[in-house]
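Top to bottom, those sequences are chains A and B.
To convert, count from 1 in the first sequence and add 79; that's this note's numbering.
To convert, count from 1 in the second sequence and add 56; that's this note's numbering.
No lab work stands behind these hints, which were simulated from the structure alone.
Mixed in with the good hints there might be a few duds.
Claimed, not checked - List time: in silico DSS-like cross-link candidates among lysine-lysine, alpha-carbon distance up to 25 Å:
hint	chain 1	residue 1	chain 2	residue 2
1	B	Lys223	A	Lys474
2	A	Lys130	A	Lys406
3	B	Lys142	B	Lys84
4	A	Lys130	A	Lys158
5	A	Lys500	A	Lys283
6	A	Lys478	B	Lys223
7	B	Lys222	A	Lys478
8	A	Lys474	B	Lys84
Claimed, not checked - Covered by chain B, per the in silico footprint, the following chain A stretches (three or more residues, Cβ under 8 Å):
hint	region
9	214 to 221
10	489 to 500
Claimed, not checked - Each pair of labels, with its calculated beta carbon distance range:
hint	chain 1	residue 1	chain 2	residue 2	range
11	A	Lys478	B	Pro172	51 to 61 Å
12	A	Gln285	B	Tyr168	16 to 26 Å
13	A	Ile499	B	Arg190	19 to 29 Å
14	B	Leu208	A	Lys95	41 to 51 Å
15	B	Tyr168	A	Ser118	45 to 55 Å
16	A	Phe180	B	Ala61	48 to 58 Å
17	A	Phe180	B	Met141	18 to 28 Å
18	B	Tyr108	A	Gln285	27 to 37 Å
19	B	Arg190	A	Lys95	55 to 65 Å
Note that beta-carbon positions come from the ideal geometry of N, C-alpha and C, so glycine has one too.
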Amino acid sequence: MNALIQYIESYLTSDKTPGAAGNMFWAFVYIMLVFTGLSVAVIAMNWLERKILAHMQVRLGPMRVGPHGLLQPIADALKLLLKEDIMPAEADSLVFWAAPFIVVLAAFSVFVVVPFGPQHAITDMNIGILFMLGVSSLSVLGIVMAGWASNSHYPLIGALRSSAQMVSYEVAMGLAVVSAILMTSLNASGTGTLSMIGIVEAQKAQGEWFVFKFFPLGLIAFFIFAVAMVAETNRAPFDLAEAESELTAGFHTEYSGFRWSLFFLAEYSAMIAVSSIAVTLWLGGWLRPFPNWLSGPAWSAIFSYVPGVTFLFFAAICFYNTARMPKHPYFRIQTLGLGAFGAVLGLIGLILFIPAVSFRIQDIFWFSAKVAGFMYLYIWYRGTFPRYRFDQLMKMGWKVLLPMGLGVLILTAGVALLQIKS
Amino acid sequence: MTPVATPFFFYLLSAIMLAGGILVITRKNAVHSALALIVTLLAQAAIYLMLYAPFVAGVQIILYAGGIMVLFLFVIMLVNIDRTMKERQFNSQWIIGLIAATALGGLFIAVYTKGPNIFPAQPLTIAEADNTQRIASLLYGQYMFSFEIASLLLLVAIIGAVVMAKKRI
Numbered sequence: 080m081n082a083l084i085q086y087i088e089s090y091l092t093s094d095k096t097p098g099a100a101g102n103m104f105w106a107f108v109y110i111m112l113v114f115t116g117l118s119v120a121v122i123a124m125n126w127l128e129r130k131i132l133a134h135m136q137v138r139l140g141p142m143r144v145g146p147h148g149l150l151q152p153i154a155d156a157l158k159l160l161l162k163e164d165i166m167p168a169e170a171d172s173l174v175f176w177a178a179p180f181i182v183v184l185a186a187f188s189v190f191v192v193v194p195f196g197p198q199h200a201i202t203d204m205n206i207g208i209l210f211m212l213g214v215s216s217l218s219v220l221g222i223v224m225a226g227w228a229s230n231s232h233y234p235l236i237g238a239l240r241s242s243a244q245m246v247s248y249e250v251a252m253g254l255a256v257v258s259a260i261l262m263t264s265l266n267a268s269g270t271g272t273l274s275m276i277g278i279v280e281a282q283k284a285q286g287e288w289f290v291f292k293f294f295p296l297g298l299i300a301f302f303i304f305a306v307a308m309v310a311e312t313n314r315a316p317f318d319l320a321e322a323e324s325e326l327t328a329g330f331h332t333e334y335s336g337f338r339w340s341l342f343f344l345a346e347y348s349a350m351i352a353v354s355s356i357a358v359t360l361w362l363g364g365w366l367r368p369f370p371n372w373l374s375g376p377a378w379s380a381i382f383s384y385v386p387g388v389t390f391l392f393f394a395a396i397c398f399y400n401t402a403r404m405p406k407h408p409y410f411r412i413q414t415l416g417l418g419a420f421g422a423v424l425g426l427i428g429l430i431l432f433i434p435a436v437s438f439r440i441q442d443i444f445w446f447s448a449k450v451a452g453f454m455y456l457y458i459w460y461r462g463t464f465p466r467y468r469f470d471q472l473m474k475m476g477w478k479v480l481l482p483m484g485l486g487v488l489i490l491t492a493g494v495a496l497l498q499i500k501s
Numbered sequence: 057m058t059p060v061a062t063p064f065f066f067y068l069l070s071a072i073m074l075a076g077g078i079l080v081i082t083r084k085n086a087v088h089s090a091l092a093l094i095v096t097l098l099a100q101a102a103i104y105l106m107l108y109a110p111f112v113a114g115v116q117i118i119l120y121a122g123g124i125m126v127l128f129l130f131v132i133m134l135v136n137i138d139r140t141m142k143e144r145q146f147n148s149q150w151i152i153g154l155i156a157a158t159a160l161g162g163l164f165i166a167v168y169t170k171g172p173n174i175f176p177a178q179p180l181t182i183a184e185a186d187n188t189q190r191i192a193s194l195l196y197g198q199y200m201f202s203f204e205i206a207s208l209l210l211l212v213a214i215i216g217a218v219v220m221a222k223k224r225i
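Please take these sequences and the hints and turn them into a complete structure.
Printed below as a string of structure tokens:
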């Protein structure tokens, strides 16, 4: 028993990921944490997307279920679970059954290497970024299978569109990624790395985020990736695969209930996954803003308070709205619930002020905050950009982003070579 | 981290590969064959991982499972499955088939019996941690010429495809 406790405790002081330290227990805990964290993030994203889109279009959005519709995603999830599960009579049952699982597996297993902090990844692979790109490209298979197995016209056309789009944009995306990886090799030994943690450490060692490296080369590569990742996840303005006016819902037209919700889950977690690639490669991953410029213990202390202050701010918003709730007895439970939610947020904020906790956790906060920025951008794009036509989309991928990516790659290599020579 | 239960995983993955390979040639529906082939390729990638070659495994997943097989499926899905289902699946050139199978079987038996002499067992000298870097320095150093030749070959194939597909250039 003591040995077991010691085994569990031994990791807490380690500075490696559980996978690298070979600690099975903590690896399992991290897998569970990432899985629940992602599911909660998808639920929150569902609510935020509907709310933000509504406010952009001068509507209120969900308001009925819970205060400001906060419980709407939970109600939706329950509805999806209880809905009748329909399989078309002429569908290829095995492929139809397997497709959502492949999409979900591909979307979730990439998070094995996502570095939420120097210790906070399930494991660190030598081929980290390659693994992420490879496994996330497997989700195309699931989409193609879903479209074909439905044995119906809309899904087939939707699947063809979305896979053509994903395969084309993968090329531009790969070139942008390569130019960022090239930058990791600018050190004394001259060897780069593909490991996700290694890439962030390289940015720390070189003292700048890769988005500002070799200005404007890093910025252009980041821009290419930022466009390609929206196309890769089939989101607006590149959501031709599920263009409602033409294809009803694209490849998942014939899916309903729980199977459909798996596609939904996969879509959102794939969005989070590509955003975390962008954050890791160009925006310094878990590093706090200005780790070198505003260095020293005083600045570190100030920045370590930011997570706690953020949660306290959210708690304050909750309490403010609790006070503003209608006083009618009909709203009593909602008012109490919102107050309790605010209290939980405030408690988390207070816990984050404990130095030992914030020291270990703040990396996760900065990483998540950056990813959350990208999530907001996704909603913003959807609210503001009109949808592209398919030929425009292909032209953009092959005739604009691909040559740009090649040019940036060659220029980056040239500048890096000059810097190594001098 | 030291690997655990190596023989178990080796036999499991090999069994998956063999089963996938058999399914590829016995399924009547071409889409099912392609999916079985993907399973085989993924199991092969896992075997590469067991051989301490993570880079090759990653490239296998990206290129074969994620790239080539998607295009395969793409083409197969547009073909009329009902007609291909009725077509004959195996040909009757069984004499040639027998000769080929005997030759392949003979090769397997020879390698199995003489294996330790042809491929002597060696302890692993290259660390798994810098596998990618080692491959890069070999590919862009010692084997630069063959690498460039291979890329030229692919370029020729791309140009050929464009020429054949486009009527007016």
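Any hints from earlier that this structure breaks? Give me their numbers in increasing order, please.
Per hint list: 8, 10, 12, 16, 19 violated.
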